[in-house]
Each structure stands twice: as structure tokens, then as C-alpha cells.
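Use the sequences and the hints to build the structure in full.
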Amino acid sequence: MVWLIALPLGWASLTVLLGPRRGAWTAISALTAQLWLAFELAQTVRATGTVRHAVGGWGAPLGIDLAVDGLSAAMLLLAQGVALPVAIYARAYFKVRSGHPGGVWFWPLLGFLIAGLNALFASADLFNLYVTLELVGLAAVALVAAGGGAPQVAAALRYLFATLLGSGAYLLGVALIYGVYGTVSTATLEPLLTVEAPRLAWIAGLLMLSGLMLKTALFPFHYWLPPAHGGAATPVSALLSALVVKASFYLILRLWIGPFAALVDRIAWLPAVLGATAVIWGSWHALRAVRLKALVAWSTVAQIGYLFLVFPLLGDDRIALHAGGMQMVSHAFAKAAMFTAAGVIVHTTGRDAVAEVAGVASRLPVTLFAFGLAGMTLMGLPPSGGFLAKWLLIEAALARGRWDMVVVVLAGGLLAAAYTFRVLRQAFLLPPSGERRRVERRPIAVLEWTAFVLAAASVAMGLRGMEIVQLLDAGT
Amino acid sequence: MTANEALPLAVIASSLLPGLAIFALPERRVGLRTALNLFGAIAKLALVATLLAGVSAGEAYAFRYAVLPGIDLAFKADALALLFITLSAVLWLFTTLYAIGYLEKAPNRSRFFGFFSLCVTATMGIAMAGNLFTFFVFYELLTLATFPLVVHRGTTQAMRGGTIYLAYTLFGGTVLLTGIVWLFALIGHTEFTQGGVLSTRADLPPWKLQSIFLLMILGVGVKAALVPLHGWLPQAMVAPAPVSALLHAVAVVKAGAFGIVRIVYEVFGVEFAQLLNLLFPLALVAAFTIVWGSLRAAFQDDLKKRLAFSTVSQVSYIVLGVALFGPLGTIGGLVHLVHQGIMKITLFFCAGNYAETLGIHKVSELNGAGRRMPLTTLAFTVGALGMMGAPLTAGAVSKAWLMDGAAAAGMGWATGVLWLSSLLSAAYFLPILWRAWLLAPPKAWPTPRIAPHGWRETAWLLLLPPLFTAAATVAAAMLAELSFGTIPVTPLAWARLIAAREYGALNAP
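Heads up: the sequence lines are chains L and S, in that order. Following the numbering used here, the numbering of the first sequence begins with 1 at its first residue and continues without gaps. Following the numbering used here, the numbering of the second sequence begins with 477 at its first residue and continues without gaps.
Not one of these hints is a red herring.
Computed footprint of chain S on chain L; a stretch qualifies when at least three of its residues, placed anywhere within it, have a C-beta under 8 angstroms from a C-beta of chain S: (1) 409 to 422; (2) 459 to 469.
Which chain S residues stay away from chain L? Per the calculated CB distances, all over 12 angstroms, these: (3) Leu521; (4) Gly530; (5) Thr562; (6) Leu579; (7) Glu580; (8) Glu841; (9) Ser898; (10) Trp921; (11) Val950; (12) Val965.
Quick caveat, the hints were computed from the structure, so don't treat them as lab data. From the three backbone atoms N, C-alpha and C, an ideal C-beta is built for every residue, glycine too.
Right under this line is the structure:
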């Protein structure tokens with residue numbers, strides 16, 4: 001478990017020394033090892049329940065406690081599982097752009113990002129979580145800024161502002177909690193935070209929640225996401241949309257069902273209402289987006305909305321939790337696939353407008369297939385992971401008689417179909433014949449196939465739902 | 477895994493695996509692609525033959541796999557499934573042959589045949605689904621696999637048709653999903669069982685069950701092209717001829733009709749559905765669709781559109797048969813599922829032949845086509861007569877059973893609807909036959925593309941499939957009562973077997 005954090009920190013520093021070419025290989029081989037470690041860890045968690053580790057032999061309340069239960073193990077596995085294909089994609093992506101400034105900084109920043117994510121998923125006290133959240137946020141901002149151009153830097157600054165504000169609010173909340181209870185360990189806090197908690201604890205909880213919602217880009221805090229995710233280099237967009245926003249969502253979910261469980265009932269409607277609005281608002285903008293990558297970025301805003309729908313539905317039957325976990329996992333793969341596929345289309349045709357992808361179906365069949373499969377997950381069509389998430393969400397909503405949420409979920413699926421097919425139908429059109437020959441680059445097989453593998457994984461989740469649910473339930 | 481578990485999977489795999497392999501093939505590997513296609517189609521036929529023999533002897537073929545706690549992907553090859561599977565497997569072979577001839581030298585054939593195989597895979601899954609969850613999985617897969625086929629030509633017109641098709645079917649899928657999950661939330665599973673899973677749950681509030689029925693029928697009714705949900709079907713006619721043939725005869729509309737059969741018989745149970753007053757409204761909708769489709773067909777000059785509205789009308793015969801409470805109607809509806817498939821595919825093959833050979837797309841251009849293409853026109857004539865319900869064709873058999881069913885159910889008005897529909901079919905098919913056989917041909921055909929070689933009026937891969945299916949249309953009527961030992965081999969005999977099992981030995985005819 002400690003290796004999952006130490007290893008990426010190690011190779012992050014190493015890649016600075018090695019330079020981008022050898023650095024890329026180091027990163028890819030290390031990520032392969034990490035994927036294996038995460039897989040082993042998940043197996044252990046499934047077999048024996050929560051795995052705990054006291055760093056340096058110092059347990060809570062003095063030292064740093066790491067704890068990995070089923071949810072954490074699933075997130076760890078997800079992080080390595082998405083990062084490895086994206087790293088392979090990135091190597092080929094930056095190779096053909098040898099002058100790209102992003103290529104030099106990508107590898108060390110990727111290492112710090114992964115280390116931060118892994119530490120976040122394994123941490124068990126509020127302050128540690130803050131540190132890891134900050135590490136993830138700063139690495140992500142740097143990755144966006146490393147794109148080089150003025151729009152990227154502008155987007156990165158907006159992003160930086162949002163992420164600092166978000167973690168600031170979170171830290172303030174943590175400080176208040178520490179002031180009241182004198183501890184930041186989630187396990188110790190759980191019995192202390194009851195409905196009779198002092199007002200200060202409520203304020204702290206709300207501060208932490210809003211900070212994290214800002215970082216997750218939940219409507220109306222989403223304003224920073226489309227420029228940052230849509231403008232960054234493609235592998236960066238993929239990582240940000242697939243993993244980084246999930247990190248802060250994971251944290252909300254973790255605190256919601258953990259230490260703050262007794263407090264949250266009264267405000268459960270809030271994230272759900274914002275989530276429902278996000279589904280509609282994000283889809284609407286995706287439908288109107290001019291640029292392909294902007295469309296994919298707005299789709300992330302919409303899909304994040306789904307995640308927040310689970311909060312009023314959480315309960316003893318755990319269906320809503322399963323729905324949330326399934327949605328996180330399948331959306332991560334699908335969105336990484338969609339960004340990487342969009343990257344291939346933009347790279348090959350040299351154009352970024354949705355209206356100009358005509359003819360892609362016959363020239364880039366693999367990429368388009370990847371885009372379509374990823375779209376299937378986003379629309380929630382079977383047999384994808386997104387479908388199982390949608391099914392579970394509807395089931396949980398019906399079990400509580402929440403027809404309003406059923407309607408939101410179904411409408412969101414139709415809207416996702418509308419924006420996905422906006423791209424696909426363009427791609428199937430014959431290219432306009434009178435047009436002069438475009439400047440086109442040859443498609444790169446590695447890029448096409450990594451996108452395809454990510455998309456296929458998001459669909460395959462739909463057939464392995466049982467394993468995912470069992471993992472999520474492990475250690476509870 | 478036992479052989480009885482593996483067989484349903486093998487039926488799925490026999491089109492899925494060739495399909496996936498074809499996607500990976502480069503465009504120029506024509507020979508290998510054709511070999512894969514035919515291998516898949518023939519292997520599937522062999523598997524289906526094994527299943528037919530087994531099921532009529534009382535074997536049970538089932539396979540299940542847990543996807544989520546309490547939710548299984550379940551396949552079962554029962555008698556009802558086999559009716560649909562056999563139809564699809566046989567017509568797939570013919571359509572594949574036809575498509576190979578039709579698309580000769582056309583671009584993007586790997587993509588076409590890949591999705592074509594996926595489409596058949598989805599149909600097999602729909603037929604063998606053991607619960608609503610599995611049914612829905614393959615039902616939506618069918619939507620996705622047919623979209624690239626509908627828009628295959630890549631023109632803006634094709635895209636318009638494809639978009640309308642998607643809008644209807646995805647909306648229908650959403651409504652269907654709502655019904656399914658609601659049912660799941662109520663009873664905790666969605667299995668299909670003979671006699672209906674809900675028939676033992678009279679404790680549930682009827683308004684809930686009625687709403688679920690409405691949602692589900694709306695969902696599958698889109699694909700079954702029930703009026704007013706039929707708008708996509710004439711628009712989807714922009715697809716290449718083999719796709720239209722498959723869409724109309726086997727895959728899409730039949731998936732919808734088959735869904736209605738499963739929902740009525742195996743989710744609600746026909747007697748329970750009658751008790752909830754669900755069958756009469758369904759019969760009304762079907763009757764209205766039959767008449768409306770026929771009326772609209774009479775006013776179409778575009779040949780494929782006329783056939784499309786004829787499909788709208790004919791598919792509702794199946795629905796009407798299901799909604800007529802009683803074994804006779806059931807037999808009529810089920811047998812029409814097969815008969816309509818054979819007849820309609822013949823008509824679409826012929827329409828494709830006229831278009832490919834002479835460039836004829838409109839009814840008004842058909843003058844004298846019978847002299848230039850006698851064999852195609854002969855096949856077309858058989859199909860058209862079958863649609864009218866003329867004696868010695870498969871259509872007459874279905875219609876006779878449906879009428880008996882209507883009489884037995886005490887729904888005299890349904891008999892009237894069937895007669896009216898026959899008259900209307902005559903009104904829109906006879907002028908075609910009259911033009912083709914009796915009027916003088918024009919000086920020049922619109923765009924002649926294929927020159928005749930002796931008796932071969934067009935390419936032989938285009939000519940043989942309609943001739944075979946036309947012959948089958950006649951054979952299904954002439955040999956309707958034939959059985960091979962104890963194995964029922966004709967659609968009618970098989971439909972009677974299903975009805976006997978569905979209604980119990982009690983009042984089987």
C-alpha cells in the first residue's frame with residue numbers, strides 16, 4: 001500500500017533527471033507495476049476486509065494512518081487502470097510533438113498527480129486528506145498550464161483559483177473540526193459527530209462540502225472546468241476528467257457516509273438538486289459546443305451531476321452507493337476514452353470543430369468505434385458499466401419513490417445520446433466532395449488503440465458488475 | 477458448463493465472433509469476409525437445427541450469468557424463442573447472400589457486414605432472453621447496431637432518416653427501461669415464465685401493473701411500429717435494400733412484436749392481462765394500425781415507402797393475434813411472425829432488384845418491368861398475393877387462423893378489420909402487379925445498371941434469394957400441416973406447439 005504512494009513519488013523525481021524519452025518508459029513500467037499492486041491490494045481487501053497501515057509504526061492519533069477499504073481499493077485500481085493507458089497514449093502523443101513544452105513536464109507532474117491520488121484514496125484523517133487534495137490540485141493545475149499557450153495559462157489560472165479556494169474552504173472546515181473535537185482522524189470523529197453536534201461542527205461540514213463541490217465542478221461551481229479540461233493537452237484532459245474530479249467527489253462520499261453520516265440527512269437534497277441541474281445544464285452546453293473537446297468537457301459537467309444524485313438515496317441497502325461507485329468507475333474509463341479518441345480525430349484531421357469531422361468513420365474506424373463505445377457508457381446503454389450505474393440509480397430512486405430523480409436520470413441519458421450522436425452522425429457523413437484537400441496527418445495506431453482499450457474497458461464493466469459491487473462492499 | 481448451457485451461447489457466438497473478425501478485416505479481403513459470413517450463417521443454422529430437435533423433444537436449454545446482485549443475464553431457448561431464432565437464422569443466410577451481391581464493389585463493406593452480424597447477434601439475444609433485463613440489453617444493442625446500417629450511404633438524406641430512427645428508438649428504449657425497472661422494484665426480478673410471472677401476484681395494485689404494461693408496450697411498440705409510434709419506419713427506407721429487408725422482416729419490427737408476445741404471455745400471462753383489461757385496448761391499437769398502415773400505403777408512389785407502410789399494417793396482425801384472447805388467435809399471431817417475415821423479405825429483395833438493375837424506385841416507373849425481369853416480378857407477385865392473403869400463400873394461413881381466433885374470442889369487429897385490410901392490400905398491391913405485367917415498358921429504363929444474361933435478368937446473387945423466399949411463401953401454405961417424425965417443421969406446426977404449451981393441454985386445438 002505504501003508502495004502505491006512511494007513509487008510514483010520516486011519516479012516523478014526520476015523522470016526529471018532522465019528527460020522525457022526515458023522518463024516516459026520509466027513511468028509506463030512503474031505504472032504497470034502499480035496496476036499490479038493495486039490489483040493485489042483489491043484482492044486482499046475482498047478476501048480479508050479493510051487493510052490498515054500505520055506509517056513508520058506510528059498509529060493514530062499521533063502518526064499517519066492509512067486505511068484501504070473496498071471503496072478505496074476500487075478507486076486505487078481505477079486510478080492505476082486509467083493512468084497506464086493514458087501514459088502509453090501520452091508517450092506517442094508527445095513524441096510527434098517533440099517541441100511541445102507539455103511533453104517535458106508531463107511525466108514528473110503525472111507522477112506527483114498519481115502519488116497524490118493514491119495517498120488521498122488511502123488516507124484516513126482529515127488533515128492528510130487536505131494535504132493530498134492540495135497535491136492533486138497543484139499537479140493538475142501545472143499539467144494544464146504546461147500546455148504552453150495563453151489560453152491554457154488563462155484556463156490554468158482560473159483552475160488554480162478554484163482549486164485553492166476549494167481546498168481553502170476545506171482546510172477551514174478541518175480547522176474548525178479540530179478546534180471542537182481535538183482530532184482529525186475519521187474513525188475517531190465518527191462517534192463524536194452526532195445530531196446534537198455544536199453549530200460550529202455544522203458550519204465546518206458545510207465549508208468542507210462546498211469546498212469539495214467547487215473542486216468537483218458541481219453546478220454552479222463548474223465554470224472553471226470546460227476551459228481547463230477542453231483546452232489542455234489531450235492526455236491531460238483525459239486524466240483530469242477521469243480521475244481528478246473523482247478524487248474530490250470520493251472525498252465527499254467518504255465523509256458523507258463516514259464521520260458526517262449523522263449530520264447530512266437534512267441537507268441531502270442540496271447536492272441532488274445541484275446534480276440534477278448539472279445533468280441538464282452540462283448536456284445542454286455539450287449539445288451546443290462548437291469544439292469537439294469542449295463537447296466532451298461539458299459532458300463531464302453533466303456526468304458529475306449523476307454522481308451527486310446518489311446522496312438522498314444512500315441507505316442501508318447500499319444500492320445508491322453501488323450506483324455511485326459504478327458511475328465513477330465507468331465514467332472514468334469512458335471519459336478518458338472519449339478525450340483520447342477526440343484527440344486522435346483532432347490530431348489527424350487538424351480540426352477541432354464538431355461540424356468538420358465528416359468522413360471520419362471510414363478513415364478512423366477504430367477511433368470512431370472507441371468514441372461510440374464510450375458514448376454508449378455515457379448514455380447508459382447496455383451492456384456498458386454506465387447502464388448498470390443507471391439501472392442501480394433508478395432502482396434506488398424507485399425504492400424511495402423518487403420519481404423526479406428517475407426522470408432526471410432518464411432525460412440525462414437521452415441528452416447524452418443526443419450529444420454523442422451529434423458527433424457520430426457527422427462522422428458517418430461523406431466528406432463534402434468539392435472541398436480542397438485537407439492537411440491531414442496519418443493516424444497513429446498506438447493512439448487509436450489506447451482509446452479503444454479504454455472504451456472497451458468502460459463497456460466491459462457492464463459484464464463484471466458483480467465483482468465491482470463485491471469490491472465496493474468489502475471491508476464494511 | 478453442460479451442452480445444454482453452451483448451445484444458447486454458441487448461437488450468439490456464431491454471429492458475434494464472425495462479426496468482430498469482419499470489423500478487423502481490411503476492405504480488400506473479399507474472399508475471407510464472404511467465407512466468414514457464410515460460415516457463421518451456416519454454423520448457426522446447424523445449431524438451430526439441433527435446438528429445434530431438442531426443444532420439440534422437451535429438452536430445456538438455458539444459461540445464466542450474474543451481472544449484479546439479483547440481476548442475471550439469462551438466456552433460454554424455449555419453443556417461442558426458437559420460432560424467432562429459426563426465422564432469423566434462415567433469413568440471415570439469404571440476406572447475407574443478397575447483400576454480398578448487392579454491395580459488390582461498394583465502399584465500407586467490412587463495416588457493413590460487421591454491423592450486419594452484430595444486428596443478427598442482437599436479434600438472437602432478444603429471442604433467447606430469459607428475463608426482461610436481458611431482453612432490454614439486446615433490444616438496445618439492436619438499436620445501436622442498426623444505426624450505422626441505416627446511415628450506411630452517408631448522404632444527408634440517409635442521416636436524416638437515421639436520426640429520426642434513433643430519436644424514436646432511443647426514446648422507446650427509455651420508456652421500456654422505466655417499465656422494466658419499476659417491475660423489478662416491485663417484484664425483485666424480471667424472469668419470463670410460462671403463464672406469466674405476475675399472474676400469481678394479484679396482490680399488487682392493478683393501476684401499477686397497468687402503468688407498467690403501458691410503459692412496456694409503448695417501449696416495444698416503437699419498434700413494432702404501432703401507430704402513432706411508426707413514424708421512423710418509412711424514414712428508415714433510405715437504408716440499402718438488404719438492410720431494409722432485414723429491418724422489416726427479421727430484426728427491428730419483429731423485435732418489437734416479439735417483445736409484445738413475451739410481455740403479454742410471459743410477464744403478465746395472457747389470462748391475467750385479460751383480467752386487468754389490458755388486451756382489449758391493445759387489440760384496438762393493433763386494429764387501428766392495420767387499417768391506418770394500409771391506407772397510407774395506398775398513397776405512396778415510392779415503392780419502398782409503400783412496402784414500409786404495408787409493414788406497419790402487417791406487423792400489427794401479430795399484435796392483434798396476441799391480443800385476441802384465445803389459443804387460435806395466438807397461433808395466428810405467432811405464425812404470422814414467421815410468414816410476414818418470409819413474404820416481406822421477398823418484396824424488399826425484389827424492390828432492391830428493380831432499383832439495382834433498372835434504377836426503378838417508384839411505382840409509376842414499374843410499367844412493363846415484368847417483361848424485362850420476369851423472375852423477380854414473379855417473386856414479387858407471390859409476396860404481394862401473400863400479403864393480401866390470397867389462397868395457397870403463407871398469408872392465407874395466418875389470416876385464416878386470425879379470423880378463427882377473432883370469431884372464437886367473440887370479436888367480430890376484428891374479422892371486419894382483417895377483411896378491410898385484405899381489400900386495402902389488394903388496392904395497393906394489384907396496381908403494381910398490373911403495371912409490371914400488363915403495361916408496355918418505357919423506351920428506356922431510368923438508370924439501367926445490370927445487363928441480362930440469357931434467363932438471368934440480373935446478378936444471380938440478387939435473383940436467387942427472392943426466388944427461394946417466394947418458394948418458401950408457397951411451401952409454408954401447401955405443407956402447413958407437415959411434420960418430420962415428431963418434430964414440427966413448418967411455422968404453423970411450431971406455433972401450435974407453442975400455443976399448446978402456453979395455454980396448457982386444456983383447450984389446445
